[in-house]
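Asks: When we follow UniProt numbering, the leftmost residue of the sequence shown carries the number 1, and every step to the right adds one.
Heads up, a few of these hints could be off.
[What the hints assert, rightly or not] Computed cross-link-like contacts, DSS-like style, restricted to lysine-lysine with a CA-CA straight-line distance of at most 30 Å:
{"no.": "1", "residue 1": "K242", "residue 2": "K253"}
{"no.": "2", "residue 1": "K270", "residue 2": "K253"}
{"no.": "3", "residue 1": "K237", "residue 2": "K56"}
{"no.": "4", "residue 1": "K270", "residue 2": "K135"}
Source of the hints: derived by calculation from the structure; they are not laboratory data.
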Amino acid sequence: MSTPMVITAAMVGAETTREQTPHLPITAEEIAEDAVRCREAGAAMVHLHVRTADGKPSQDAELFRAAIRAIRERTDVLIQTSTGGAVGMTVDQRCGPLTLTGEDRPDMATLTTGTVNFGEEVFWNPRPLVRDIAKRIRAAGLRPELECFDVGMIDEARYLAKEGLVDLPAHFDFVLGVPGTLQPRPEVLDFMIASLPEGSTWTVAGVGRHQLAYVDEAAKRGGNARVGLEDNIYVSKGVLAKGNWELVAEAAKRARAHGRELATPEQARKLLRLS
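Let the sequences and hints guide you as you build the complete structure.
Replies: Have a look at this one:
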């Protein structure tokens, strides 16, 4: 339990709307301002999606560039970009942020390793597409966070490693609670942890009402946690979070209650084996 907890703020996502919460950041400036407050509240990393001016999900490299520059002008928080994008996007669209180079390059990128039902839609990740994105992440010189919505996705990561597309040990993110996918239960989390390749690190992202409860579960098990408006808009029942920072602050409070210190970005870089 002496290992610091890495808190990741999933700030924007592709599903949450301003109609659901007025506190969703959309512009680069809004994202950067919230990222600063997330860092001050205890986050070491932000998980980044971007939106167009009218709030529609996008993976446009220039929108990512603007957000990344605005964040880095203000804070040292690590930046992890999504390659999931939104349901229905092409692989080239999804990989927009992987084209950024130099000072605009993110610190990490996500890689989802399988197809799942996603509410009433399908999050489409057949093996050839997953391999394609894995190759692009490697070519960009980034380390992936392996997003797993089901247990079999952990085994798929092992196959990717055998093919030389992913390095082990790796960092995994268990996304639990999306309708149509694996639901959060303590025994499920324990099984996923036990299924990991030796030496791997992990984060759990509980969706909706499970989000903050699974900060507690992660803290007790020596893992890391993801919180934010992408996955949950409430800081308590019926009470909207005033921003991602408020969810990070609550996660930090819970981590410390379990005797966990919070990782700084530099500590997180070492724990997650980032370049």
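Asks: Work down the list of hints and note, for each, if the structure agrees.
Replies: Hint check:
1. K242 - K253: holds (17 Å)
2. K270 - K253: holds (23 Å)
3. K237 - K56: Between K237 and K56 the Cα gap is close to 27 Å, so the pair holds against 30 Å.
4. K270 - K135: Roughly 23 Å between the alpha carbons, so the hint for K270 and K135 holds.
When held up to the earlier numbered hints, the structure conflicts with none and fits them all.
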